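In order, the protein sequences belong to chains S and P. Mapping to numbering that gives the first Met the number 0: the first sequence position 99 is 98, numbers consecutive. Mapping to numbering that gives the first Met the number 0: the second sequence position 47 is 46, numbers consecutive.
What the hints contain is simulated information worked out from the structure, not anything from laboratory work. For clarity, every value in this text was computed on a predicted model and none was experimentally measured. Just to be clear, a hint being listed does not mean it is correct.
[Stated by the list, open to error] In silico SDA-like links for lysine to any residue, alpha-carbon gap of 25 Å or less:
hint, chain 1, residue 1, chain 2, residue 2
1, S, Lys-131, P, Arg-21
2, P, Lys-46, P, Gly-34
3, S, Lys-44, S, Glu-124
4, S, Lys-44, P, Pro-88
5, P, Lys-57, S, Ala-135
6, S, Lys-117, P, Glu-26
7, S, Lys-117, P, Val-61
8, S, Lys-117, P, Tyr-70
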Amino acid sequence: MIRVQRDDFDVGAEIERLTAGKHDIGGVVSFIGLVRDLAGGASIKAMTLEHYPGMTETQLAEIEAEANRRWPLSASLIIHRYGRLEPGERIVLVLAASPHREAAFEACHFLIDWLKTKAPFWKLEDTDKGEKWVAADARDDAAAARWVKG
Amino acid sequence: MTKSLWLTSGMRILYFAWLRTRVGSAEEDVTPPAGVRDVRGLLDWLKTRSPGHAEAFKDLSVVRVAVNQTYVQPDHPVTPADEIAIFPPVTGGSS
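Next comes chain S alone, as it looks inside the complex (with noise of 0.2 Å):
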């Protein structure tokens, strides 16, 4: 499953959602991303998320179908969220539950790595030293290649 949204979401309560009734998961993964306070020497203020509504949602959705093919999974939630979210304020959820944890935690690492290069957010981070748009890291892009199949 996937959803955009403006609000926070409850881990707990999502953890206890997506397992309701799957007996065959041995293992939840578990990523939650947080706003840091620091960027570049900059003290953050807020970051306000901005992302492409229709395309967020497709694209999501196809990497969670892509982690499905590569690993058995009984159950797979990505929460992000949009808008102006304040240090400290959860942004993104990624879990992923299977029979065994060593799928769980490879799918977990490869929705978040995955999810960081396609979605299509961007965020602008209102810091001391001004509004500044987050430039793409290559190093970003360097955690989803290991992921490209050869």
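Given chain S, work out where chain P should sit, using these hints.
For chain P alone, kept in the frame of chain S given last:
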């Protein structure tokens, strides 16, 4: 696509993030000349529309294009019926 459609139909273009602020609007309806047939041609023509457009498109290595919500390369064809979006490399997720 017939030539008359190219000449009479507008093309809807969406902009995001700093490309939106440099161009000065989130979307615009444009009518490119008939010779504009692909993404590369469209970007070259868009550059000529205003100083803001020229500034936005001066470094195409940081410009991404989606046609009908799918990432495409510069040689991908464009038609007035397409939803075309132009944006910088994405920066979602978190560290």
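Hint-by-hint comparison with the structure:
1. Lys-131/S <-> Arg-21/P: The hint holds at about 13 Å.
2. Lys-46/P <-> Gly-34/P: The hint holds at about 15 Å.
3. Lys-44/S <-> Glu-124/S: holds, 8 Å
4. Lys-44/S <-> Pro-88/P: It holds: about 23 Å lies between the C-alpha atoms, which stays within 25 Å.
5. Lys-57/P <-> Ala-135/S: Holds, at roughly 17 Å.
6. Lys-117/S <-> Glu-26/P: holds, 22 Å
7. Lys-117/S <-> Val-61/P: holds, 14 Å
8. Lys-117/S <-> Tyr-70/P: Holds - the C-alpha atoms of Tyr-70/P and Lys-117/S are around 9 Å apart, at most 25 Å.
Hint check: no violations occur; every hint is consistent with the structure.
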